[in-house]
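Student: As a plain string of letters, each chain reads:
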Amino acid sequence: MDFVRNFPCISIMLCLFAGIISSGLRGKAAMLVNAALLVTNTVLSACTLAYTLAAGESFVYVMGQFPAPWGNEIRAGVLESLMALFFCIIMLLSLFGGRHKLIEGVEEGKLYLYYVLMDLLLSSLLALVYTNDMFTAYVFVEINTISACGLIMIRQNGRTIEAAVRYMIMSLLGSGMLLLGLCMLYDLTGHLLMSNIKESVAQIVAEGQYTIPLIISIVLMSVGLCIKSALFPFHAWLPDAYGYSTVSSAAVLSSLVSKGYIFLLIKIIYRVIGFEIYRDSRIIDILFVFGLMGMIFGSLSAIRENDIRRMIAFSSVAQIGYIYMGFGMGTEAGMTASVFHILSHAATKSLLFIAAVGLTDVSGRNRQFIELTGAGYRNKWAGAAFTVGSLAMVGVPMFSGFISKLLFSQAAVQNNTKMLPALIVLGISTILNAIYFMKTVIRIYTPVEDTPYPSMTFRNMPLYAVVLVAFIILNVTLGVSSQPVVDMIRQGLAMFA
Amino acid sequence: MGTNLFVNYGEAVAMILFGIGFGNLLLQPNLIKKIIGLNIMDTAIYLFLAEKGYIKGRVAPIVANGVQSMEAYINPIPSGLVLTGIVVSVSVSALMLALTIRLYRRYHTLDLDEISKQLRKEGL
Amino acid sequence: MYLILLSIFIPILMGLYLLVRKEYASRGRLLATTCAGLVLTGALAVASFTAAYGSSFTLFYLTKSLPIAFAVDEMSVLFSCLTVIVLLCAGLFSFEYMKHETKEKRYYGFYLIVFGVLNALCFAGNLVTFYLFFEMLTLTSMPLVLHNGSHEAIMASLKYLFFSMCGAYMALFGVFVVSHNSAVLTFSTGGILHAAAGSPSAGLLLAAAFAMLVGFGVKAGMFPLHAWLPTAHPVAPAPASAVLSAVIVKAGILAVVRTVYYIFGADFLRGTWVQTAWLILTLITVFMGSMLAYREPVLKKRLAYSTVSQLSYILFGLAVMGAEAVTGSLLHVLAHGLIKTALFLCAGAIIFTTGRTRVDELRGIGKEMPFTMWCYTIVSLGLIGIPPTGGFVSKWHLAIGSLQSAIPVFRWLGPVILLVSALLTAGYLLPLTIQGFLPGADYDYEHLKKREPSPLMTIPIAVLTILSVLIGLFPAQLTDWLTRLAARIL
Amino acid sequence: MILLVILIPFIAAALSVWLPFRNRKSWEIFLESAVTLNSILVWYLLLHHSGNTFLLAHFTGNLSVSFRVDGPGMVFSGLVSALWPLATLYAFEYMTKEEHEKIFFLFYTMTYGVTLGIALAANLLTMYFFYELLTLVTVPLVMHTLTREAILASRKYLYYSLGGAAFAFIGLIMIIVYGRSTDFVLGGVLDLAKIGDRTNVLRFIYVLAFMGFGVKAAVCPFNSWLPQAGVAPTPVTALLHAVAVVKSGAFAIIRLTYYSFGTDFLRGTWAQTFVMLVTMFTIVYGCSRAVKETHLKRRLAYSTISNLSYILFGATLMTPLGMTAALLHLVFHAVMKIASFFCAGAIIHQTDRYYVHELDGMGYKMPCVFGVFTVSALALMGVPGLAGFISKWNLASAALESGSTVACFGIVCLLISALLTAIYMLTVVVRAFFPGRDFDYGTLSGVKDPNWMMLVPLFIFAFFIVLFGLYSQPLADFLYAVAIGL
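Chains as they are written, first to last, in the working numbering: chain D, 1 to 497; chain A, 498 to 621; chain F, 622 to 1111; chain E, 1112 to 1597.
For the record, the hints were derived by calculation from the structure and aren't laboratory data.
20 Å max Cα-Cα, derived PhoX-like pairs, lysine-lysine:
#1 K1070(F) - K988(F)
#2 K726(F) - K1476(E)
#3 K1213(E) - K1136(E)
#4 K643(F) - K726(F)
#5 K1403(E) - K780(F)
#6 K1213(E) - K380(D)
#7 K988(F) - K1071(F)
#8 K28(D) - K110(D)
#9 K1208(E) - K1559(E)
#10 K1267(E) - K439(D)
#11 K724(F) - K643(F)
#12 K643(F) - K720(F)
#13 K380(D) - K439(D)
#14 K643(F) - K1559(E)
#15 K1136(E) - K1208(E)
#16 K643(F) - K1476(E)
#17 K724(F) - K1476(E)
#18 K1559(E) - K1476(E)
Partial list, derived from the structure: chain F residues whose beta carbon lies under 8 Å from chain E:
#19 V749
#20 N769
#21 Y790
In this text, a Cβ means the ideal position worked out from N, Cα and C, and glycines have one as well.
With the sequences and hints as input, model every part of the structure.
Tutor: Quick look at the structure:
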C-alpha cells in the first residue's frame, strides 16, 4: 500500500496537468476534465486519509529524491488528507451547484478558462495543504491569489473587475508581508523546510537569542495570512469579491480559498514555529481580540446589508472571526474547534451561497430582500437548503454549526482569562446570526399574492437540487456524527506536533 | 544598535523600500502607482534576500574557472528564491496591469475611488 | 351545623337563581320570592346562632393546612343580629324604593347573595374561611354599588373594588405570615400566636399585623385607604347604601376584631408600635371624616363621610384594647349600624319622594315629610351622642375606656378628638333638621303638600329608630353582656 | 415507548398533510384521535413506567440524546398531554375562520411532540435540543396569519428565543465541562472538585443561562416577544404562549436550577438574589403592563408574563417547598390561563372584537364564555376556593419558609401583582356584565355563545379551576414528593 504515499504529489500534479490540457479544450470538455479531476482527487485524498489513519502517523514524500534540508518535501498526515478530501468534495459540489449560473454569466468562448483557473486553484490549495516547504507555500499562495482573482472577474462587469482589483491589492499586501516574514525566518534559521525551521526555532528560543526578529517574523506572517483570509479589520475586500462574482466562485472563495490560508497559518503555528512558542508570543491575544471583534462586527454589517449575497459574505467575516478566536484560545481544544469550524463553515457557506442563487433566480435576479419574499415557495429546494444552512449558522442542534459552537465553548472554558469574553461574545454572535439569517428565512417563506416570477422545480434543475441535497446531507452528517471527524482532527493535530 | 544598522545598511535600505512600497500599494488611489508600489515592495524583499545571501568577497554560485570550493561562492538558495520571486512578481504585475487596462477602458480613470463612485452610479 | 350552612348557602343559591333565571312576569312574584328569601335567611341565621351557639365544625380542607371551618361565638351573634336586622329592614324598604330603578331582579339577586356572604363572615371559624368570604363580599357587593349603571356609578364601583382588593391583599400578606408562624388559623379568644411572641419572627409578625389592620381597615374606611367609601356609598340605591354603610363596612370591623383579638391576641400587640400607629390612624380618620362630612353639600355623601368617621370611633375603641373601650366599640357597632341604616333610609325616602339630593335644596322638608324627618332627627341625635340614645352609651364607654387605659398621650387625646368630632357631627346632621322644620319666614307654604312615603318605607325607618332608642334607654343588659365578652377576648 | 410518544405527533402531523382525506370531518377525526391516543399513551407511560433511561443516540463523546420519565417530567408531560386534545378540539372550531389549516395543524401537532421531548428529556443536552426545535416549529404558528404584524412578531420571537438559547447554551457547556454528567439529577451534577475557585464564574454563568432560558419564560427584560406573538391564532396563544412554550422555559429553568447546577451550589448566593429580584420585578412589571394594555389577548399575554415569574419565583427559592409551589403554579396557571385565552378566542371567533372597550355588555350575550372568563379571572386574582389561591398560598409559605428577606419582599410583589390582576381582569368582567345604563344592546344583536367544540374545553377548564381550588392536596403531596426526589 505504500504507493499511497505518492498520492498527494500525484493529485497536485494532476491538477496542473488538467489545467494545461483544459487550456486547449472547449468549455464543455474542460468542465468534464475538471469534474473527472475533482472526483479523482477526492478518491486519492480519501485513500491518503485511510492510509494515514491506518498508519497512525504522517509520512513525508521527498520530491526529486533530494533529501532534507535541500530538497522539496510533501508531507501528509490525517489532518492534511482530511482537508484535501473536504476541499475536493466541496469544490465539486460548488461547481455543480453553480454551473447553470456559470453558463449564463460567462462568455461562451471563455468558459474553458474558468475551469483552467479552477484546476489551478485546486492545485494551489492542495499544495498549500500538503507542502512541507515554506517557499513553495509562498509560491502557491501567489498562484492561489492569481487564480482566485481570475475566478472573481470571470463574470465580466465593472463590479467584478473592481472587486478583483481590490482583492488583488489586499492579497498582495498580505503576501508581501508573508514573504518578508518568511525571509526573516529564513535569515534566522537558514532553512526553508518546515521541520528544519522548527528545530532551529526551538534552539533559538532555548538560547534566548533573536527574540525580537523572531517575533517580528511571526507577526509578519500571521498578519499577512490574516489579511488574505479576511480577518476582521482586513475584510474590506471581501463583500464585493464574494458578493458579485459568479456563485461557484463565491462558494469556492469563501469556503476554500480563505480556508487554505488559514490552514497554512495552522501549519506555521504547529510545524514552523511550534505551538508553545507561538502561544507564548502576544500575537495570539491579538488574534483572539480581532476574532471576537470580527464575530460581532461581521454580523452587524450583515444585519445592515440588504443584498442577500453580500449578507452571506459578511457572515463569512464573522465566521472567520470564530476560527481566529479558536486560535486565540491557545489550547489544543481551541485549535480542534477551529479546524472543525473550517470544515463546517466550508460546508455551510457554500451551501448558503448556492441556495441563495436559487432564491434570487426565482425573484427576477434581484438580490434585494424585498424581492425575495416568498422565494422559498417558488424554489422549494433552495428554500429548504437555505433554511438548513441558516440553522447551521445559528448553531441549532443536529446541524454542523452546533458542534463547532459546542467545541468552541468547551475550549473556552479551559482558558481562565478568555472564558468569559469568549462565551459571551459567542452568545451575542449567535443572536446576531439568528437575526439576519432568520430574517431571511422568514422573508423567503412569507408568501406573496400573484408573483410575477416563475417557480423552479426539480425537473428544471435536477443537478442543482441534487447538489443541495448532498450539501444538506454533508451538513447534517457533520452535525449528528461529528465524533469521528473530531477524533481525526485531534489525531491530525497530534501528528503535527 | 546604531553600528548594527550601519553595518547592515543593505537590510536597512530594504526595509525602508519595503515600507515605501507597502505604503504606496495601500494608500495610493492611482492604480498604476499602486502597481509601482507593489513592485517596489517586492524588489525590497529581493534586495533583502540577496543581501542576506551575500557573503563578502565571494561570487555568485556559478561554476566558472573550475573553482568548486564551497568557500568561493555565496549561498545559492536566496538567489534561487529571488529568481522565483521575480517570476511571481512579474506575473502578478502583469495581471494587475491587465486588470487596470480593463478598468481604464471601462471607466476612463485610474482612480479606484472614482471607479467605485461610478459603479455606485451604475447601481450595480 | 346544617343551619349555619343553610343560612349561608340558601341565600347565595337563591340569589344565583334570581340572577340566571329570566325576567319575572310580574314584579309581585319577584318581590315575593325575594321576601321569602330574606325572611328565610333571617330566620335561619337567628336559628343557627341560637341553636348552634358555641359549636364549631370543619366543612372540608382546601389543603392540609387550609380548613374551611365555621363556628358560632358571641361575636358571631352580635354581628349576625345586626346583619339580620339591617338587611331585613333595608330589604323591606327596597321593595318600594326600587320601583324607580331598573333591573330589580339583579339587585335582589346580589342582595341575597350579600346576605349569605355576610352570614358566612359572621360564622367563619378561622382566618382562611374569613378571608375567602371577605373577598366574596367585595365581589358580590360591587354590583349593588354600580346598580344604576351610570358612568359615575361604574367608576365608583371599580374604585370600591380595587381599594377593597388592595386591602384584601395586604391582609393576605398578614395571613401568609400568620399561617407560617402558627399551625392552625382557628379563631380563639386571646389569640393563637403566644408562642411566637418573643421569637425572632415577632418583628415580621408585627408588620403582618399592621398590614392586616390597614388591609381590613380599608373595608372599614380607615385612613389612608378610605377614599372609596364616600365615592361608592352614595351612588348605590339608598337601601344598598344603607347596607353598605351599616353592615358591609362592619365586616371590616369584624375582620379587625378577629385579627386583633382572636389571632394575634391583645397582649401581643399592646404597647407595640402597631398599636400606636393604629391609634393615630383612627384618630385622623375620626376627625377627617367629620370635617369632610361637615363641608359636604350632598346628603348621601355627607352620610358616607359620617360613616368614615363613626367607624373609626369603633376602631379607636378596639385599638385602645381595654375592656371598657372594647365594650364601647362593640356597642357602637350595633348603634351605628342601626342609626346609619335609618339615616340612609331617610335620605332614600327623601330622594324617592322629592328627587332632591343636596342639603340646601331640602328647606322645609320637615313640613313635607314630617314622620321621616322626625325619625331622622331622633337617630341624628343618637349619632351625635346625646342621651338617652344608643350613641351616647357607646361613646361614653369609649371615652371612659380611653381615659382608663395607660396609653400615653392618646388616653386623653382620644376623648378630646371624639368630642370635637361629636360637635362636628351635630354640625353636619342637624342643619337638615333645622332647615327642614324651620324653613324661615320666606318659605312658600302655599305649595306645600304632605307627601309622606308609603308604609313599606316608613315602617323600616320607624323600626330602626325605635331600636336605636331602645338601646339607649335600656342599655344595662346589653352592656353587661358585651362587657363580659370584652373581658373574655382580652 | 418514550420515543413513540414523541414521534407519534410528528408522524400524525406528516400524515395529516400527505394523506388524501375525503373531507374535513375525517381529517379532523384523524388528528384528534391521534392526539388523544398519544395523550393516553403518555398517561399510560407516566403511570406504568418510571426511572428507566432510554438512550436514543450518542452525540459526541459522552453526550447523548436520551429520555427518562422522572418527577418534573411527569408533571409537565402529564399537563401538556391533558391539555392538548382539548386545545385541538377547540382549534378545529376556531380555525374554520382562518386559512391554511393543514399547515397550521402540521406544526401545531408537531409542537406536541417537541414539548413532550422537553418534558421527558433525561439530560440537559437533549432538553436543549428540543428547546431549540420548539422555537423552530412554533415560529410558523406565530407567522400563521402572514400579516405584517405577524411576521414582525414571529421574527422577534425567533430572535429572542434563539438568542436566549445561545446563553442557555453557555450554561450547558458549563455543565458538560464541570458536571459529572449532563444527566438530570436532583441536587445538581456539578463536580465541586473540578470547579475549584471558579464558583463565582459559574454562578455568573448560571445567571446567564437563567436569563437565556428565561427568554422563553418571558422574564423581564426579555418579555416583549410574548405580547407581540399574540397575533397568532388563539389556540396558539392559549396553548403555546400560555402553556407549552413559555412553560418549557420555566421547566427548563427548574431543570437547570434543581437538576443541573443544584440548589446547594446556588442557595444564599448573589446569583440566587439576582434571579429572584429579576422574577420579582417581572411579576410587577407584567401586571402593570397588563393594566395599561387594552387589547384583550395582549393583556392576557402580559398577565402570562407576570404569572410565569410566579413560577420562576418559586423556583428561585431553591427549596423543595419552592419547587413544589413552582410546579403547582405551573399546573394551575396552565389551566387558568388557557381558560381565559380560550374565552378571548371565543370572543374573537364569534364577534371579531379584540379590544377590552369593545366588550361592553357581552356578558349577557355570551353568558357561558364570560362565566368561564370570570371564573378564570377570579382564580388568577387568587380568590380563595379557586386554583390560583392555592398556588399563591404555597408560594408565599415557601417564601416564608426559605427565611430570606428578599423572599418576603417577593410576597409583597405577589400581592401587588394580585391587586393589579384584579384591576385588569375585573375591568373586563365589569364591562361585560355591567355595560352602563345607556348601553345600546342593539349593537350586540346576533352575538351568541360558540358551539360545543369550543364550549366543552372551556367548561372542562372551569371545572378544573374549581376542583383544584377546592381539592388539591393529593396533587400538592405528589409535587412535594417530586421536589424531594421521587
